[in-house]
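Number of protein chains: 4
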Amino acid sequence: MTERVVLAYSGGLDTSVAIPYLAEQTGAEVIAVAIDVGQGGEDLAAIRQRALDCGAAESEVIDAREEFAADYCVPAMRANALYMDRYPLVSALSRPLIVKHLVAAAKKYGGTIVSHGCTGKGNDQVRFEAGLGALAPDLKVIAPARDFAWTRDKAIAYAEEKGLPIDVTHKSPYSIDQNLWGRAVETGFLEDIWNAPIEDVYAYTANPAEPRDPDHVVITFDAGVPVAIDGETVTPYQAIVELNRRAGAQGVGRLDMVEDRLVGIKSREVYEAPGAIALITAHQELENVTVERDVARFKKGVDQRWGELVYDGLWFSPLRGALDAFIDDTQRHVSGEVRLALHGGRAVVTGRRSEASLYDFGLATYDTGDTFDQSLAKGFVQLWGLPSKLASARDARLGGSDK
Amino acid sequence: MTERVVLAYSGGLDTSVAIPYLAEQTGAEVIAVAIDVGQGGEDLAAIRQRALDCGAAESEVIDAREEFAADYCVPAMRANALYMDRYPLVSALSRPLIVKHLVAAAKKYGGTIVSHGCTGKGNDQVRFEAGLGALAPDLKVIAPARDFAWTRDKAIAYAEEKGLPIDVTHKSPYSIDQNLWGRAVETGFLEDIWNAPIEDVYAYTANPAEPRDPDHVVITFDAGVPVAIDGETVTPYQAIVELNRRAGAQGVGRLDMVEDRLVGIKSREVYEAPGAIALITAHQELENVTVERDVARFKKGVDQRWGELVYDGLWFSPLRGALDAFIDDTQRHVSGEVRLALHGGRAVVTGRRSEASLYDFGLATYDTGDTFDQSLAKGFVQLWGLPSKLASARDARLGGSDK
Amino acid sequence: MTERVVLAYSGGLDTSVAIPYLAEQTGAEVIAVAIDVGQGGEDLAAIRQRALDCGAAESEVIDAREEFAADYCVPAMRANALYMDRYPLVSALSRPLIVKHLVAAAKKYGGTIVSHGCTGKGNDQVRFEAGLGALAPDLKVIAPARDFAWTRDKAIAYAEEKGLPIDVTHKSPYSIDQNLWGRAVETGFLEDIWNAPIEDVYAYTANPAEPRDPDHVVITFDAGVPVAIDGETVTPYQAIVELNRRAGAQGVGRLDMVEDRLVGIKSREVYEAPGAIALITAHQELENVTVERDVARFKKGVDQRWGELVYDGLWFSPLRGALDAFIDDTQRHVSGEVRLALHGGRAVVTGRRSEASLYDFGLATYDTGDTFDQSLAKGFVQLWGLPSKLASARDARLGGSDK
Amino acid sequence: MTERVVLAYSGGLDTSVAIPYLAEQTGAEVIAVAIDVGQGGEDLAAIRQRALDCGAAESEVIDAREEFAADYCVPAMRANALYMDRYPLVSALSRPLIVKHLVAAAKKYGGTIVSHGCTGKGNDQVRFEAGLGALAPDLKVIAPARDFAWTRDKAIAYAEEKGLPIDVTHKSPYSIDQNLWGRAVETGFLEDIWNAPIEDVYAYTANPAEPRDPDHVVITFDAGVPVAIDGETVTPYQAIVELNRRAGAQGVGRLDMVEDRLVGIKSREVYEAPGAIALITAHQELENVTVERDVARFKKGVDQRWGELVYDGLWFSPLRGALDAFIDDTQRHVSGEVRLALHGGRAVVTGRRSEASLYDFGLATYDTGDTFDQSLAKGFVQLWGLPSKLASARDARLGGSDK
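Protein chains in written order, with my numbering: chain A, 169 to 571; chain B, 169 to 571; chain C, 169 to 571; chain D, 169 to 571.
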């Protein structure tokens, strides 16, 4: 029986060319699988047909948008996942979902090889292959760009030689990955890290500098999941779409940073993630109101590790599961409403309210109604500072104080 | 000999009234010490005279602005110190400096008691008294607001009764603490956490929503210290003043949050810190460029602990010294320039360059000049994912996989 | 109606004297509640009667041994809880259980006050009162030793004056707290930290220096819970009793340390915890075999925080719940057998086996059967070291290398 | 000019055979460099000569024992470095030192290639090559065992074919690496992790089960460095040698564990490290006495990271430097004496004293002389537990409490 290779298919030049090329190189039939994670752009039916036109034995498109929102974006938001305090893990989140569907397709179509379009210097190859190793260790993997040193020029020449139905004339200067949770842009002129991005780089966000009226939005969370926007019930997918639209229209969520890749190099990245940034901003403040202090302080380390782990391609690791168990426990009472002002590139919290609030007006107020017993403070202060006091006295005694 | 009490004097109602009151209560002479940490406002000579007019035996004003900038604000910036990811520790930074000068004054004037104006439900009492315990454990401490349940109304009545030279008619609705590093505002209507701040709350920042042209500024750092603005050499103090002015004019650095106090309650706080936010933003990005990945990841935990420790009043603890030793080591190469666009309430990095950069164009580029050996990736990816792969295989073998 | 005070009753001098004293001081009826957490010693019926003889209105003894083992000791073992890497939290674990039963008794008997025998310089007062604050914030608390500066001498005088049925002649030089999980001893001569403990200090453990044959024991765990000893099914309580006996007979589990108390001072403590040390030793090694590396590394921080939190009296904090959720997730596959040699004060793992093992003979062996593909290593090594290599090259370039 | 390869030479079969083999394969001259890190065994002059007899162009032996002790073992001890809470990093510590000397030899002899004997599935290849990448990125690396799939059988056949002056008849069943800091043993029958080690495995330690008298030793530390044994001044090297001898004679420091290798697999390892375990035990207890609580708690995470980093081959990483800066700061007052009882496989602290002690008898004692103000405790306890109390009240209010 002919071997079958399941190809993660985008509809673009590289993976279209890969269809006949993989068939040639391996003698296998190619099964093209395109997964909709909210990247928008082209019609999926057209993508499906193109794969067949390029010679795929089978072609399938899968709408995974709700699944992506609920099972990947929401957990990231609950972890306030911002790699290096900035990047909301746009591409890093979609890869494990794609892997899951590739593995399912390999089972369905009898595939023994999986192929993806990643290069050998990025993070995505790790995310694909660590995921495949975890879910289906017996599948072989081919990454033409890396394993056959495939380049864009070679791909164009090959497409023309084979007469593939692909438009090779349009050459975007940008290398882009986008999905529901955001959009990543790399390009030649940004590789000089002194250069600022130009407006042309952005697609999810309007120019924040242009004058417009602010947009006030109220997001309702239930146990750490966004469930309503301005009082109207939404699925996680709908919440993200709506906030991408409204926060994007106000220029919220542009990011420009130098980032540490897993493969050991630093790279310059520009991102847009209006919905992600709006949701994380609101979620963090609702945590401030509803999560106890020691939990909040420890959760920072958990959140950081969660983001690094997922960035580093280890979605399917046992550690992610254990961190999620911690996070789930902390989210039981992260319920309530947060009001955001979206304007001029900023998503600013202007109000929060919650049945589960730990903010106690009586304890906090300096006005009438104060219930805080200030006489407790003296003893607290003394014992709180006692270890430092003893250490300072010791230092002074030994003449070693340098404060 | 008459005992002497050293009073941390602000020139305001509460501490002015405290002068005769402390004398009355303790029979001691009062030494008023006012410390300029860049809080602006009134002339220091006038403040000095007022203390004498209220009955102080001695009155001293100390210009500690350069010291505050160099020894307190800069270390905070090197630690990217943002308590709960937001608050740059404005008040928490000035307290230990004030304590240090109070202790010096006690030695100079023969004081045996120190007095401060903090209440019993805030963080500042802890910062004062933990600091005093470390630096001068033999000094007694009196906090009239806490220890004598002193209130504003009592203070006004007392001032009028004694005919003190204080204007008690002006009643600001706001409780404010401000210094070079920022400004904190609390007030009655903000104690309802659903209420948004109004424009009237702010003094360091212009309204970010008003139209104006962006301001582009280049900050030069040397070993993690800001040394020039737009190419002009500055002291840390000058850098902060300049960035307060320019970032403040663009509405940068407004913060509104619910915060976990050390004394165990949550409180609503509004802050402005234009210079601090601009500097930390620039500094973080320069770290992204010049600090190695494993250092950067570990430093996040160090930075978090630094911020919590200082927030919690433990500036003089041995742990702060040890964390600073770590941070100092990481800052040796945090040198270079960062260009910020200040506009519409945002401080956005648009360029960075450094002799000490770890960004390697040859390794990063996808264009001509690529020096990254992609053939290394395959082995890396396989071993990187091996532990997760083994765990997944185990889970599958035991039927316990739930991914 | 007469108020009622629920007293945590031990049967000893201090709490016996407290019965009439509390009645006197408060005018309330005293309900004595003694909780068996495996402290052994006196018969519970006799303790119950003594409380009545001292004037208690009601007296109840509660056998909480199985509950203590399953719900307090086992979670501690799963967290490998050793405060300061040494102390298995003996007293810290029993306090929240006692609190829980005191609260239940207050509800049952209509108590509005709770009383305990702790002093004001130890950790236990915090554990009692933080627990009471969490479970029953409306209950008042009286701690005679702390609140009335009650001392042993005063207690003896009072007992004699009142003719209480307590033997006050026996004066142990030791202050002891003991339960199923271990035994804590403090005493005057050990307050000189240069003095070594003498044999007389110990009760749970034989002298490890005496000659005897080793004892080999096999402990079976299921999902991180000990379920069998030498193949015989046991409850957690039975497992601990059996290992206390067998490990104690070999002198295992003696500890002598200077420890950081929550109240800010250092104290000298001697402990014995033969069963706890044997169980934690076995459990840790079974984790080494069955827990994936990244989980194991992160769990160390979780375990440390768990131990500190419980030591610090915060058993009922939300953070403990969230840490336990993490730990529970990691224990799903901590199943299998560990063989320990108990001898000469040491509990040494000599074998381990598990269906859920992640140890893979084929990958580990250097003999025939090796399945590890060594060709993968080269790429791994290169990319693993790349960030350090780039940083070293930078340092060399700038002349700043000091390695 | 002929290329030169610098070989890390041990004198054993594998690296002896590598001399002619490398020459053959590369056409280069071989420079054999043997480094004495206290591994004992054969005379270094004999080793030097053997390399020449096998065809080395140059042969050098370097006594690095004092350097190893002072610059590698002592920092490890100050970090209480025990990988996975057990393993004192024996091999992991010597590799960077060897790398440093290989790089120096390459410079001295004009070498352009470095060669080592590590396989492709162990940690040591990473330690060698990450170190070489950091110190001398231009050197090429050859690891015959890994890169040419060189095995012991091949080596013996090759030695016989070439008539090399090596005794190939003696076949130890053990694979051993040993140095001043300890000894690591792997062997076929221990690859079954249920098997216990046999006495024959050990060389640094006597059987702990044999009867003998205890040995009491007093170790003096100055700023975290061992400077005297029983009052006699020693260098770090002498301290380790002496404690290896005395603790080894009592059977101290045997370890048997399943360990997570950097390359992603678990392996079974048996170690002996009598001096290391004795020193770390004493050092930890002196830290308990002299290091302030918050520092001690944070240092645990630093120590853990230090151990993992060095285990993982990243000695020359910038993070190690920054962690050491932290540790150095904490060790300033780790001065004093610790008395250990060495006996029956155990190193037990029986006394500690220090001018820099933070143990305060007056605060700790329950006897006459107590200076602790117990009245401070009430306020401390209340505010300490306040966040948990508020969270519990919230949970109860919402009906969600599950405690």
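Calculated directly from the structure, the hints in this document are not laboratory data. Please note that a few of the clues may not be correct.
One copy or any two copies: either way a pair holds, since identical chains are not told apart in the list.
Unchecked claim - Below, in silico cross-link-like pairs of lysine to aspartate or glutamate (DMTMM-like), each with a Cα-Cα straight-line distance of 20 Å or less: (1) Lys322 to Asp538; (2) Lys339 to Asp398; (3) Lys468 to Asp211; (4) Lys322 to Asp492; (5) Lys468 to Asp321; (6) Lys339 to Asp535; (7) Lys468 to Asp253; (8) Lys339 to Glu505; (9) Lys322 to Asp182; (10) Lys330 to Glu505; (11) Lys308 to Glu328; (12) Lys468 to Glu400; (13) Lys468 to Asp492; (14) Lys275 to Asp563.
Computed from a predicted structure; not experimentally measured.
Violations among the numbered hints: Per hint list: 2, 3, 4, 5, 8, 10, 11 and 12 violated.
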